[in-house]
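Residue numbers (numbering that gives the first Met the number 0), protein chains in the order written: chain A, 0 to 458; chain B, 0 to 183.
Hint data in this document are derived by calculation from the structure and do not stem from the laboratory.
Among the clues, some could well be false.
Said to hold, decoys possible - With a straight-line cut-off of 20 Å between C-alpha atoms, the simulated DMTMM-like cross-links for lysine to aspartate or glutamate are:
#	chain 1	residue 1	chain 2	residue 2
1	A	LYS113	B	ASP71
2	A	LYS286	B	GLU90
3	A	LYS75	B	ASP118
4	B	LYS113	A	ASP236
What the hints assert, rightly or not - Not everything, but these chain A residues come out facing chain B in the computed CB check (under 7 Å):
#	residue
5	PHE59
6	GLN61
7	GLY206
8	SER247
9	THR418
To be verified - Selected chain A positions facing chain B (in silico; Cβ < 7 Å):
#	residue
10	TYR117
11	LEU134
12	GLY138
13	LYS151
14	ASP169
15	ALA170
16	SER173
17	ASN195
18	HIS199
19	LYS201
20	ASN203
21	ALA208
22	GLU272
23	LEU292
C-beta: ideal position from N, C-alpha, C; glycine also.
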Amino acid sequence: MPDCLRPPLCRPLSPGQCLVSGALLTVLAAPAYAQEVVSTALPTPPAPPAPQAYTTSTSFEQPFKLYGYINSFYEKVGRSPAVSEEGDPVVEPNPGEFDVVNFNVMGQGALARKYRYYFNLASPGSGSPTADAPLLVRGAMVEAPIAGEYLKVSAGKMYRRFGIYNEMLDATVSFIGTTDPEMLDDDHLILTRSTNLMLHGKVNPGGVALRYAITTGNDERESNQVPLGLDFNALFDNQFTVGTSFYSTNGKAVPTVEMGEGSPLGGVLPWMEYDEYYVYGGYMQVKGDAYLLQGEYWRSPHSGRRDPDKVLQLFDPALGLNAAQRERFGFDTATSADELPLDVNYTVEAFYLRLGVSLHADLAKNGRPWEFTPYAQFDYYSNPETIANKDLGGDNEAGLADDGKFYKGMVGLMVKPTTTVAFKVDGSTHFQTISDEMVPYSELHVSASYYWQMGGNAR
Amino acid sequence: MSADPSSSLSRRGLLAAAVIGLAAGARGAQAEDPGATPAPAPAPAPEPAPPAAPAYVADNLYLLVHTGVPADALTRSRIKAIYLGNQTSWERGLSVVPFQRAPGSIVADRFLDKALGYDTMGYAQHWQGIELAGVAMAPRVLGATAEVLSAVASTPGAICYVMGGELSGAPAGVTVVPLPTGKN
């Protein structure tokens, strides 16, 4: 039974009044709205309830959780520019394509609330009706505290902490946009997305959340180099994040794929014998009640040496290298393979700005309101070393341009009828200079993604 | 989804509040009336009362923290940081172990709104993104009040929330603090 209650300025209630009030409170489950009340004592109070001991053996460990998502995708590229065998700009039609661009199965749990484990199995591009796609291990790691939350170690295979999107790229269903920022697109990565070892931690001085991460791993190293990744960010008032990341190959790095095997998995192009590069830049995010603003800028100076045998494979006119690319590789001036320019220094740059605004509408009638998020994005990417042919490890966006640069503007809309389903549609236009002429082309993307979960909080 | 013990309290709470308000208001009016007849000589002071069990306002939110957690650390911004996954340790380095209530329950909806400024959908999406990135796990969901009390009392660094109507007496191993108001 609760004690008698009274406002601070009142004289004590009589025992009888208290008992009546107390009985009412017991029956009615004891509320009062206007102000916080304080407990008081009675001349002859009822005995307070004995403290209840909660020393059960029930485990309140974080349960294992299995979850993931399916992302169906449709892409229609308008008539896009290309380069003919003669080096002239042409435009080509493109058929619309269906795909399951992401199918992910993830799981995580924690032992003793300290030792967390996580895995991420993915089958990207698994939508082909005529070919089965493999299931890949995108992540498999264990995490343990060394000094509480201040210092933890994660080991295995994991996305490195670098900028805003690298870690969350698989979370398509949860972010605005049908696609990731161009800098993380498969055909123009600026560094490896994954690594093997991460020391990281978090402190909260004065209400600011400071996070850091130091990463290393096999990455693209040639032999015993120790690649180094760093990330540091600060979150203010749970809304504004500003951060910086750095990466160095710390010596020679080598291609992750051979010529003809498609896009590289890191920053070293397949026709390089070796490459030494680093990446630096910054990022920011403002997450308001109804809007999200994100931006990242990265710059990556490279100093490498081309492999002459692989460069000769690019000499094939059918690849459609443009005049600037032929000149860069020395195809127009070299009279023999020995005269090809092999040592190369170049800089990759990437930038994007993304804005989304959330609106809610009660379309479900008595259900939760649907969320509508119109969004816009501007991308810039520049890589003067690349070519257009993706099979050979090139990039059919920057690689089309004379100077390796392209810009992209995008507007779109995301509709979420529930927390687990997202429909997105966006249109974008690329701009690049081909043979001294600004040539745009457009794309339409439509996606439907569904998030599912079992275990954990799915109760 | 487990039953939410606080879900049926509102109407009963209103009635009880009215009763208390009437009684207290009458007494208060007497006390502050400047024209009232002087009161007779006060009666002898009663014996000092033993410590009373705390009382809780049924429709107010309270934070429950494990006794090892310094209650003065519970500022509004810190609560928000904890439940968004932005703060994961208390000041002494003890790991924060947040628990949440069943999504969609009255107590959860009210906490998300008043403490975090989120609705259920927004909060779910926030953690969905974090879990898909593999960075952390959302706070574990607890059901009935007894489970909440047991979990907080038995887990160092734990924090959860309840409606006042779910509480009676002083639970052992748990510090009860009203949800802080104001910006900080």
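Consistency of the hints with the structure:
no.: 1; hint: LYS113(A) with ASP71(B); verdict: 25 Å, violated
no.: 2; hint: LYS286(A) with GLU90(B); verdict: 26 Å, violated
no.: 3; hint: LYS75(A) with ASP118(B); verdict: 36 Å, violated
no.: 4; hint: LYS113(B) with ASP236(A); verdict: 16 Å, holds
no.: 5; hint: PHE59; verdict: 4 Å, holds
no.: 6; hint: GLN61; verdict: 5 Å, holds
no.: 7; hint: GLY206; verdict: 5 Å, holds
no.: 8; hint: SER247; verdict: 24 Å, violated
no.: 9; hint: THR418; verdict: 4 Å, holds
no.: 10; hint: TYR117; verdict: 4 Å, holds
no.: 11; hint: LEU134; verdict: 17 Å, violated
no.: 12; hint: GLY138; verdict: 6 Å, holds
no.: 13; hint: LYS151; verdict: 10 Å, violated
no.: 14; hint: ASP169; verdict: 6 Å, holds
no.: 15; hint: ALA170; verdict: 3 Å, holds
no.: 16; hint: SER173; verdict: 4 Å, holds
no.: 17; hint: ASN195; verdict: 15 Å, violated
no.: 18; hint: HIS199; verdict: 10 Å, violated
no.: 19; hint: LYS201; verdict: 6 Å, holds
no.: 20; hint: ASN203; verdict: 5 Å, holds
no.: 21; hint: ALA208; verdict: 4 Å, holds
no.: 22; hint: GLU272; verdict: 35 Å, violated
no.: 23; hint: LEU292; verdict: 16 Å, violated
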